[in-house]
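Chemist: Listed here are the chains, written in short residue letters.
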Amino acid sequence: MLSRTADNLYWMARYVERAETAARLLEVGARIALLPSSHGFRSEWDSLLRASGTSIAFEKKYGEPVQRNLESWLFFDRDNPSSVASCLTAARENGRIVRTALTTQMWDALNSAFQDLRVFDRTPRSELALSRMTEWTMRQTALLRGAMEATHLRNDGYDFLNLGFYIERADNTARLLDVKYYVLLPSLEFVGSGLDNYQWTTLLRAMSAHRAFHWAYGGEVTAAKIAHFLILNPQMPRSLVTCVEGANIHLDRLARGYRRSTRAQDRARGMLAGLAELRTEDIFEEGLHEFLTRFIRETADLGAAVHMSYLSGDVR
Amino acid sequence: MFAEGAGGARVREPYARLEAWTRDMPAELRQMKQAEAEQLFRRIGITFAVYGEGGDPDRLIPFDMFPRVFTAAEWTRLERGIKQRARALNAFLVDVYGRGEIVKAGRIPAALVYRNNAYEKAVAGIVPPKGVYSHIVGIDLVRTGADEFFVLEDNCRTPSGVSYMLENREIMMRMFPDLFRENRIQPVDSYPELLRRTLASVAPQKCDGEPCVVILTPGHFNSAYYEHSFLADLMGVELVEGQDLFVEGAFVWMRTTEGPRKVDVIYRRIDDAFIDPLCFRPDSMLGVPGLMDVYRSGGVAICSAPGAGVADDKAVYTFVPEMIRFYLGEEPILRNVPTWQCGKADDLKYVLERLGELVVKEVHGSGGYGMLVGPKSTAEQIEAFRARIVADPGNYIAQPTLALSTTPTFVAEGIAPRHVDLRPYCLVGERIELVPGGLTRVALTEGSLVVNSSQGGGVKDTWVLAE
Chain A
1 MLSRTADNLY WMARYVERAE TAARLLEVGA RIALLPSSHG FRSEWDSLLR
51 ASGTSIAFEK KYGEPVQRNL ESWLFFDRDN PSSVASCLTA ARENGRIVRT
101 ALTTQMWDAL NSAFQDLRVF DRTPRSELAL SRMTEWTMRQ TALLRGAMEA
151 THLRNDGYDF LNLGFYIERA DNTARLLDVK YYVLLPSLEF VGSGLDNYQW
201 TTLLRAMSAH RAFHWAYGGE VTAAKIAHFL ILNPQMPRSL VTCVEGANIH
251 LDRLARGYRR STRAQDRARG MLAGLAELRT EDIFEEGLHE FLTRFIRETA
301 DLGAAVHMSY LSGDVR
Chain B
317 MFAEGAGGAR VREPYARLEA WTRDMPAELR QMKQAEAEQL FRRIGITFAV
367 YGEGGDPDRL IPFDMFPRVF TAAEWTRLER GIKQRARALN AFLVDVYGRG
417 EIVKAGRIPA ALVYRNNAYE KAVAGIVPPK GVYSHIVGID LVRTGADEFF
467 VLEDNCRTPS GVSYMLENRE IMMRMFPDLF RENRIQPVDS YPELLRRTLA
517 SVAPQKCDGE PCVVILTPGH FNSAYYEHSF LADLMGVELV EGQDLFVEGA
567 FVWMRTTEGP RKVDVIYRRI DDAFIDPLCF RPDSMLGVPG LMDVYRSGGV
617 AICSAPGAGV ADDKAVYTFV PEMIRFYLGE EPILRNVPTW QCGKADDLKY
667 VLERLGELVV KEVHGSGGYG MLVGPKSTAE QIEAFRARIV ADPGNYIAQP
717 TLALSTTPTF VAEGIAPRHV DLRPYCLVGE RIELVPGGLT RVALTEGSLV
767 VNSSQGGGVK DTWVLAE
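Each protein sequence line maps, in turn, to chains A and B.
Each step along the first sequence adds one to the number in our numbering, with nothing skipped, and position 190 is 190.
Each step along the second sequence adds one to the number in our numbering, with nothing skipped, and position 249 is 565.
Isolated chain A, as found in the complex (with noise of 0.2 Å):
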């Protein structure tokens, strides 16, 4: 495959899912904001905007963290690369142009996505409630998933897209948990409170895993349980160990297709070693957000090695 059709397919799946996290985040930071809370909803917006890591332009642009700018810059707002738009905007443009290695219906959810963000530009924002704008881009990535599921082969380039939508993912419930990190760093006072439970359930719910939680721990939210559901249990399809052990699974595909192995295979392996032997004391010993930090790190590194080895066009 040319490699730079597996670049856009790669990068077509990571702004998918990219987007996907956007409309996660503003679901968590709505829910949030309904809190009755000491200190306002500006510091849990303004942990939103951390973890996507645009704070900074985010100021720029609108200063003060107002419930409705922020839904604009996180979902409409072109200026935002990691808004929903963008991002779709951005998946829909790499998926053009590799038209030729996407199926008819991939292209289908992808575009139909595209011409629907091009209504709600036109819709007045008093008529498009959040709640439905988030749950159209979960259902829309959804779709795009599912097509690809059902119709795409699964040759090489099918390998590229999963590994864009682990890593990306990966990446993501990195960063999700680091809302949580940031919404309590204020005030420690409120770790294992109703407040701090209510704040964990609301990102359970974000990642459409409130109900999972409960079937597969039962009894009492603790924060040690939920790191243990978000991070390293198998069975949650977001977990930080399901996206490694996805990534290992595609790049091992590869590895076998093309007959060779890369630094690619070798740093995805260490990641998913380092998190076989870990336990949530560790976790914790280590500190919530340093484990987190390092670990986005890793991702980043782990998807460098992917673009050096597969997507640069300089493989020899």
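In case anyone wonders, no lab produced these hints; they're calculated from the structure.
Note that the structure is predicted; figures quoted are calculated from it, not measured.
Certain hints may be false.
To be verified - For the chain A half of the interface with chain B, some residues (derived, Cβ under 8 Å), not all of them:
#1 Arg4
#2 Ala6
#3 Arg96
#4 Asp108
#5 Leu153
#6 Asp156
#7 Gly218
#8 Tyr310
What the hints assert, rightly or not - If you want the footprint, here are the derived chain B segments under chain A, 3+ residues with CB under 8 Å:
#9 397-409
#10 570-583
Note that CB positions come from ideal geometry on N, CA and C, so glycine has one too.
Fit chain B to the given chain A structure using the hints.
Modeler: Relative to chain A, chain B alone:
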């Protein structure tokens, strides 16, 4: 004026069944179907990218649901004429890049060939595999009577629009399956397979094994990008950009996730001037440095071959009937439109005296730009054009305004006659082939003769009925 749908007071035979179809179709259904067609085009992504003009970057070409119909007998004659022309054009190209017999015989002026902008000295002396320079010949035809067809123009480089031929059919079949059950319409969907075979058949001698064929596109900002990706998709070949290819040793390679892979045949959809910055335009980012050296040494086939454009020039066009007689020893089956060359003193005088009656075109113009349609122009427009012709007569040709045929077309008020032309696509490789069909373009504005999509033209499905 010849109305293809109506012979005198009654409906012409090939359109007979369609007459009943439209008569029975309620206006609401027609509107619904039209909207459905547009939605299909947009969903599939069959758009016409227009960047840098503002507005919708993905424009749809208007699609008219009323098909254009040819009988088997009509088509057989067209097919023979088109193949004949494609053979002559290729013989001409091999000749003028070789011994130049036709010029030596005094049948075509030397200056017209060798001083032509499209003549590429860089390929002189090269005989490409199977003696083919132009592998996809798009021939634009108009009709003026039951048995009268004229060739308007030859396109020997990278004729576009074939994706519309295929998609128009696809959409018609989806929307009106009954029509296809009632009428015996010859299929066109073997085109991509024929194209692939044609391209593979001209692989260079140095290629051993299954030839690796690619389509070279300028990229997704090009207006025909949809077509490039569509063809690559249906042929199962890679769609590459210049940056995906590089030259090493005596071959061209493409960058893949598994390392370099040798490329044997390049169906390029970029102009000569951009294919190799070392040979042509040094500022081009679209092409592949060193590609021409590989081409010259027989390491790769380029379709169409660089330099093929010298055969489709509007001034050279005048001599195509001469080529047919000279190379094939046959009489032309399809006629040219009578053409005056403003570069010739007598012709210029004639043209300037009758500007109001003629169509004047720039020799290198395309897409309906840079032309004067005398009878449709104001006195000022004519005078302004006169000044341009006098300033550079060699750059213009003139033709009489033909009474172009019309076909029934859906318009706001119902069905009305609109002018059409036709572009069939002839494939030239080891064999010469074309599918029974082509792209019919229709001037949607009443009375207009201009069918170009850039000037408000639309497209419609083209049927060739089985015997």
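Chemist: Would you mind marking each hint as holding or not holding in the structure?
Modeler: Hints, one by one, checked against the model:
Below 8 Å, beta-carbon pairs count as interface contacts, and Arg4(A) has one with chain B at about 5 Å; its hint therefore holds. Given the 8 Å rule on beta carbons, the hint for Ala6(A) holds: about 5 Å separates it from the nearest Cβ of chain B. With 8 Å as the threshold, the beta carbon of Arg96(A) comes within range of chain B, its nearest partner Cβ sitting at about 6 Å, so the hint holds. Annotation: interface hint on Asp108(A) holds; nearest CB of chain B at approximately 6 Å, less than 8 Å.
A cut of 8 Å between beta carbons decides the hint on Leu153(A): the least distance to chain B is about 11 Å, and the hint is violated. At about 6 Å, the closest approach between the beta carbon of Asp156(A) and any beta carbon in chain B falls short of 8 Å, and the interface hint on this residue holds. Annotation: interface hint on Gly218(A) violated; nearest CB of chain B at approximately 45 Å, more than 8 Å. The beta carbon of Tyr310(A) comes within 5 Å of a beta carbon in chain B, closer than 8 Å, and the hint placing it at the interface holds.
Counting residues of the segment 397-409 of chain B whose C-beta sits closer than 8 Å to any C-beta of chain A gives 0, which falls short of three, so the coverage hint is violated. Taking a C-beta to C-beta cut-off of 8 Å, the segment 570-583 of chain B contributes 7 residues in contact with chain A, enough for the three needed, and the coverage statement holds.
In terms of the numbered hints stated before, the structure departs from hints 5, 7 and 9, listed from lowest to highest.
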